[in-house]
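Student: Residues per chain, in single letters:
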Amino acid sequence: MTVLCLVEHESGVPIEASLRALTAARVLAAGPAPAADPALAGDAAQGGDAAQGGDAALAGDAALAGDAAQGGDAGLAGGPGLAAVVFGAGSLDAEVLGSYGVGVVHAVGPDPDPGYAPLAWARCLHSLMESVGAVAVVAAGTGRGAEVMAHLGAITGLPVAANCVSAEWDGIGVCRLVRQRWGGLLLEDAILEAPVALLTVAAEAVPPAPTPEPVPVEVRVVRPELDEADLAVMAAESAERASGASLATARVVVGGGRGVGGPEGFAPLEELAGLLGGVVGVSRVVTSEGWRPHTMQVGQTGTRITPEVYLACGISGAIQHMAGCSGAKHIIAVNKDPGAPMVSAADYAVIGDLHEVIPALVAALRERGLT
Amino acid sequence: MEIGVCVKRVPMVGGTIVLTPDGQEVDTRMSGFTISPHEECAVEEAVRITERLGGTVSVLTLGPAVAAEQLRDALALGAGRAVLLETDGAGWGPIATAAAIADEVRRRAEAGSGYDLLLLGNEAADTGDYQVGVRVAHLLGWPCVTGIKHIEFTEGGLRAGREYRGVSETFDLSLPAVVTVKEGINLPRYPSLPGRLRAKRAQIEVYPVSPAPEGLRTQGLRVPAATRQQARIIGTGVEAVPALVGLLDELGVLS
Chain A
6 MTVLCLVEHE SGVPIEASLR ALTAARVLAA GPAPAADPAL AGDAAQGGDA
56 AQGGDAALAG DAALAGDAAQ GGDAGLAGGP GLAAVVFGAG SLDAEVLGSY
106 GVGVVHAVGP DPDPGYAPLA WARCLHSLME SVGAVAVVAA GTGRGAEVMA
156 HLGAITGLPV AANCVSAEWD GIGVCRLVRQ RWGGLLLEDA ILEAPVALLT
206 VAAEAVPPAP TPEPVPVEVR VVRPELDEAD LAVMAAESAE RASGASLATA
256 RVVVGGGRGV GGPEGFAPLE ELAGLLGGVV GVSRVVTSEG WRPHTMQVGQ
306 TGTRITPEVY LACGISGAIQ HMAGCSGAKH IIAVNKDPGA PMVSAADYAV
356 IGDLHEVIPA LVAALRERGL T
Chain B
85 MEIGVCVKRV PMVGGTIVLT PDGQEVDTRM SGFTISPHEE CAVEEAVRIT
135 ERLGGTVSVL TLGPAVAAEQ LRDALALGAG RAVLLETDGA GWGPIATAAA
185 IADEVRRRAE AGSGYDLLLL GNEAADTGDY QVGVRVAHLL GWPCVTGIKH
235 IEFTEGGLRA GREYRGVSET FDLSLPAVVT VKEGINLPRY PSLPGRLRAK
285 RAQIEVYPVS PAPEGLRTQG LRVPAATRQQ ARIIGTGVEA VPALVGLLDE
335 LGVLS
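Residue numbers (the working numbering), protein chains in the order written: chain A, 6 to 376; chain B, 85 to 339.
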């Protein structure tokens with residue numbers, strides 16, 4: 006049984022969110038309980054036949070689907086059942102995908118390389134889904150992954166389960182899954198019943214884990230037949246990548262909230278961030294007040310951060326904010342109010358006024374020779 | 085420019101989320117209701133566009149009768165018309181929701197004042213399905229793009245911009261189109277007093293809708309197990325600074 010996983014990459018290197026998606030997809034590629042297996046594999050093969058007939062690649066995949074089913078647990082390592090779909094794959098590092106259990110890479114393009122056109126990507130996924138008789142299609146819960154899967158859901162009329170943290174088979178065409186709600190602050194247990202399971206994997210929730218038994222990767226070039234209409238909405242990308250430390254990837258984030266008091270209050274936080282090689286992030290109230298731009302917002306509707314240390318100063322810790330900073334490895338709260346939710350959510354806390362504590366911290370770090 | 089904006093009534097959560105004892109939904113007895121920040125920005129963007137180019141903003145929601153509260157909030161901000169697709173209060177999935185919205189769009193077109201643009205938030209705050217806008221676009225055969233933080237109008241269409249992994253992307257769409265937006269596209273205004281009064285008196289168009297079962301079924305909600313220990317208080321005021329420096333050193337961020 007084949008599970009397709011959309012893999013995004015930058016200059017040929019798969020992005021981490023896609024490796025997480027592959028990690029989750031590998032469980033589905035391993036197949037359901039053995040009793041349910043043969044029937045499902047048979048269905049998959051028939052679906053493929055009907056869709057594309059006689060194609061050499063199809064015969065290969067149908068056979069593989071059967072193999073994987075009979076192999077039972079062998080599928081846990083990924084292998085032929087797990088297939089990646091990669092767009093613009095000219096420079097792709099396929100070996101990395103093999104280490105995540107991908108047996109087949111369907112490399113779309115390079116001629117024609119549609120670039121990022123959400124509908125065209127979904128059409129390609131759909132035609133592959135049918136030709137290989139896929140039982141599931143998985144993507145990372147990134148902006149593009151969510152968008153393409155929504156198109157695929159609309160094209161097929163199938164439901165899409167967004168931001169899953171785990172998924173496993175519970176019979177034929179029935180997937181038992183856990184997905185994020187409220188930006189990850191709640192979990193939903195759900196049943197997805199559909200001929201093909203479509204899901205996205207929460208971008209931060211599943212740790213990327215290579216398989217202990219890497220598999221050899223076969224790369225198959227796919228040349229999509231696309232209508233002009235599929236390419237009508239296409240991204241024109243700027244040549245330049247934004248420079249400077251980014252909130253999403255910073256090792257240290259110094260957060261400021263309502264307690265900062267106004268736009269001028271951020272100077273000590275910015276100085277501290279500079280000393281620690283980090284960046285300043287803010288809570289939603291700061292951007293709604295216009296003290297700082299939205300690009301600096303940490304939260305459910307802002308940026309999700311994953312720093313080593315998040316120093317949250319004068320931030321009460323609303324749900325909206327916690328959804329953005331819960332990925333921090335260590336949270337240190339500085340707050341006057343020991344009862345603030347941020348203080349209980351943090352690993353460490355200093356009870357005090359940030360306007361006194363932060364300048365004193367800056368002075369102490371300068372004394373230590375930090376510049 | 086005729087613009088439809090779709091919003092969703094969701095519980096207003098502050099510092100904690102409390103679930104009902106059966107774990108089926110968020111306990112809202114102690115909280116109010118609101119719409120997601122993305123949707124607040126969608127309403128604001130629509131109002132700004134019609135202030136510049138003329139036309140009407142219609143705000144749409146699918147929900148129980150009490151969701152009229154969220155429609156009135158949007159009317160107070162400058163929407164001119166409100167449509168309630170009234171349910172019996174049960175949760176709806178994205179497939180049925182999109183179908184009901186598409187029906188309203190078609191009804192409006194048949195009435196001779198069809199929408200040129202449909203705006204939604206990128207995702208709802210509660211369910212986070214990330215798909216209603218795209219599904220509506222497919223049902224209508226309209227072009228669509230999601231996660232947008234900048235809109236400008238061009239000859240016969242619009243140009244939509246967003247940033248993806250540090251690279252800015254722009255998309256050209258013909259009209260009519262569906263665009264989902266993200267917080268940050270604008271800074272929403274506060275409602276004015278005359279706006280509130282107008283909203284209070286405004287008529288809301290109500291169309292009953294009935295749900296259809298979907299393949300994704302919720303079994304229950306739960307709060308994830310706490311991953312952090314109770315916070316360790318390392319000190320009070322400036323006297324905590326030496327311990328704080330020690331902690332930062334221990335965590336390896338002073339090198």
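What the hints contain is simulated information worked out from the structure, not anything from laboratory work.
Where hints are given, some of them may not hold.
Claimed, not checked - One-sided excerpt, in silico: chain A residues whose CB lies under 7 Å from chain B:
hint, residue
1, Glu100
2, Glu193
3, Ala210
4, Pro213
5, Val227
6, Gly279
7, Val290
8, Val314
9, Glu361
10, Ala365
11, Val367
Claimed, not checked - Partner residues aside, some chain A positions facing chain B, computed with beta carbon under 8 Å:
hint, residue
12, Val201
13, Ala214
14, Gly332
15, His335
Stated by the list, open to error - Okay, the calculated bits of chain B under chain A, using three or more residues with CB under 8 Å as the criterion:
hint, region
16, 150-159
17, 197-203
18, 212-219
19, 226-232
20, 248-256
21, 263-271
22, 294-306
Ideal placement from N, C-alpha and C gives every residue a C-beta, glycine not left out.
Student: Check each numbered hint against the structure and report the violated ones by number, ascending.
Tutor: 1, 3, 4, 5, 6, 7, 11, 12, 13, 14, 16, 17
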